[in-house]
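Protein chains in written order, with this note's numbering: chain A, 1 to 164; chain B, 165 to 952.
No wet-lab data here; the hints were simulated from the structure.
Label pairs and their computed distance ranges (CB to CB):
#1 Ser475/B to Ile13/A: 44 to 52 Å
#2 Asn565/B to Arg126/A: 25 to 33 Å
#3 Pro119/A to Glu669/B: 16 to 24 Å
#4 Lys107/A to Ile703/B: 51 to 59 Å
#5 Ala921/B to Arg126/A: 48 to 56 Å
#6 Asn599/B to Arg126/A: 54 to 62 Å
#7 Lys575/B to Lys107/A: 48 to 56 Å
#8 Lys798/B to Pro119/A: 43 to 51 Å
#9 Lys798/B to Arg126/A: 52 to 60 Å
#10 Phe952/B to Ile13/A: 51 to 59 Å
#11 Glu669/B to Asp103/A: 27 to 35 Å
Some residues of chain B that are not near chain A, with every Cβ distance over 12 Å (derived):
#12 Lys242
#13 Pro386
#14 Thr470
#15 Lys485
#16 Met583
#17 Gln600
#18 Leu740
#19 Ile818
#20 Val912
Chain A stretches covered by chain B per the calculated footprint, using a threshold of three residues with CB under 8 Å from any CB of chain B:
#21 30 to 40
#22 65 to 75
#23 94 to 101
#24 131 to 139
#25 142 to 152
Just so it is clear, CB atoms sit at the ideal spot from N, CA and C, and this is done for glycine as well.
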Amino acid sequence: MKTYHNTHTTLIISIFTIAILSSCNKDEVDNTQPIITIDEPMENDTLYIGSDAHFECDFSDDTELSSYKIEIHNDFDEHSHVKSISIEEDSVAFSYQNSWSFDEGLKNTHIHHHEIVIPETIGGVRTAQGNYHFGIYCTDIAGNESHQFIDVILVNGEDPHEED
Amino acid sequence: MAVLILSMPVLVFSQEYNLKGRVIDENQLALPGCHIHYQNRFTTTDNHGSFSLKHIVDKEVELQVSFIGYNQLDTIIKLPSPTNIVIQLKPENKLIQQILIQGKGVTKAGALKQETLSKQFLTKTQSGSFIGSLNQLPGVNSMDIGSNISKPVIRGLSLNRVVVSENGIKQEGQQWGADHGLEIDPFAVETAEVVKGPSSIEYGSDAIGGYININNNLTPAPDQTSGEINLLAKSVNKLIGLSANIETRSNHIYLKARGTALDFSDYHVPTDTVIYLSRKIPIFNQYLKNTAGKEYDVSGQLGIITNQVKSSIAFSRVFQKTGFFPGSHGIPNLARVQDDHNKRNIDFPFQKTTHYKVISNTNLHFMHFSLQADLAFQDNNRSEWSQFHTHYSGQTAPTVNPDLELNFRLKTYQANFKMNIYNLNGNSLSAGIQNQWKLNTIDGYNFFLPEYKSHSSGLFIKDEYQVNPKLNIHLGLRYDLSHVRTEEFYDRFLEDYLISSGSEEEEAHQYATRSTKISKQFQNFSWLVGIVLKPSKMISTRLNLGKAFRTPSPIELSANGIHHGSFRHEQGNYQLSAERGYYADAGIEWKTESFQLEVNPYIYYFSNYLYLNPTGEWSKLPHAGQIYRYSQTKAVLSGIEIRLIKSFWQRWNIQFNSEYIRNEQRSENTKQRYPLPFTPPTNVFIELQYQLNSKNKRFQNTSVFINHKSALDQNRVAQNELSTSGYQVVGVGLNTMIKWGETPIELVFQSNNIFNAKYFNHLSFYRKLEIPEPGRNTQLLIKVPLTF
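Just chain A, with the same shape it has in the complex (with noise of 0.2 Å):
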């Protein structure tokens, strides 16, 4: 009886050895997001149909960057809700979605290009115009993200800020 009891307890005090133990344990991971701080476009920005649109944008993290995503999409269903997306007659929406790494060891930067081509037709239809989502997603290596999401509007007609 004795025996049992002594192997018993010895075992228990070792369990809760093992389980204080382990929690002494000292890894530090990466949970930092990176941030993004977006320039152009801003909130509720006009962005033309048949021109590039002007992004600029900073990401820092405190450890390093990986890549980032832009991701455009109609927001129509919103106010309208109508059961489809083709807001005007013989029209389509557009949609784009492009990443890029970042160079390798990089803590901050700034991203400044006009990659982002609103094209007037896709497919022969013409491009509708009409609120869109503007969606700038970020990681770094460690594989934490953020995101963030503006509202812009599609319109027709000439960029008067042509530029840069």
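Put chain B on the given structure of chain A with help from the hints.
The following block gives chain B in isolation, referenced to the frame of chain A:
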């Protein structure tokens, strides 16, 4: 749990004895309808609580006495000395949580820590959702969405890692989703058991985290018709709940029926805005829009009970419909969260579930063994509705149910057989086989999970060997074999969309193949060795070592899509191996009449743990960030639970429950050793109760209580999971029984979060949307017994 007072021996024959007894409750009142089981015999107590067993030839009578809301009493009575006995059962939630036997008797204890929840406990914690009641137990938490939907979390494990069963039949719905509720009528729970820790040996591979069983097939008292009406009202979500049941029994046949209706409004959150995705979203009048819901449940049971057979067939239907906060669906949009001036309507988006269940439980008792057969059919029809929207220009709304976004319909057939052998040279053996067939079909304009078929079988054997009255050894061995086959799903709209947004055809094709036909088989052995040692009457210790195994769920193998509001493209991985782990679980309990201390440390080592891993690859699906793919890693999970109960100054009682968990992935790369997601923070629950003097004839059993729940900060978070600050919440309440003529009416009045604290539950689905927990809630539960 009971006091046996053995007295007045009455000898009948030289070889045969009669055993007569009476069962009483804690107030010395007779308990009619108690279930007495001895070998192959069944009997129940009459209206005076009396029972008798005739023609007993054995010198030792192993009796089992059970009653709704009271713990089962297992004891051995030595004949011929005492043959007329008084058995006093005490409700589980009273302080003296132990079986005190005066005379010669032995009590049994399981290898794993098991909590039995009595009717009293369930009444006091009734909140309109069953799992919400379990929050007070150390090591058990609820994972909530909104005010009336919750899922159990045991030691930080949840979803497919905790089995919830009803009368031994595993509940099968879409339990993988944190925002899916449990389809159980909260009032149809007569008693419940909670087993913390790996319980796979007897309850199947999903019970790797723990097991919760709900009982509602207790036998009513003979020749009696009775019922009960429950009324529940809550302030936080203007909930009105009504549940009525009736049960009747002639000598051998009984019938039970219950109907429940719950209706609740949007719920109050103590905040005017939530900040989500760096946008300020207004919460008008501090009510979270479109979180109203309703539930309608009906159930019925027909049973027979004879000396050798107990058999019942039960039918139930649970219907739940609950709205989702529209700000949580996709990108926040101010137009959608505007006040609609109606707190009780359920608008888009919402979820709806209908769960049908037919369960047949049969027990056959023989001299030295019993046989058990449990058969069931379940039909879980779960749908998520959201006004038709698409990002694919080619996709138009379906003509039938245009706003049905996702629909999963899971049909499950179960057949479990078990044999128990008692007292075979000190061994209690049980062996069983469990079979389950599942068929999942899908519908809706969105895709998340493919259609699948699966089959699983488990074969187990368990032995409890009593070496001597102080030492019990438990052994268990199980073999599992399962097979899953998923169907292909090709998303033509996605293919068109990807090509139109500039993808290569090959890539578009690959993406549009949302699921492929796969067929996978898993098999494994798991085992358990447990030792229960009681060196003295006051102390008992237990230690379990074992190997656990879990079959990957179809979601882990083959999901592929974005689930609500998560911005996550979650992808299954059919190359996964089964989850495997080793565990050690220990417990020390010290009990006296006025004091109880329990300490349960545990450590699990998973040599293969399945989790959603952010891959760093960008998803091409609209509204998605990187792909989260189910992956496997090593993991360690450890923790400790402490419970202390002390009564003092005769009428006072204090309870202290606490839990600490620490876990992490043990991947090769030390920088990837993240904690596991949805890990409860260190938390403490303290309740002080005062029993009022019951001289008043009108009010009886009156007690008042004040409780305090607190949690520390949870900063150990999984990747892309938010840290959650600690909190403190205070509640007060009063229970009493009012005599209305002859009718005792039970009342529980309580107020939770009385200071209307704004806090977050780390386990809530709404946590990542920065939506705080419900504010102050005052509620009243009235129970009126009916006699006919």
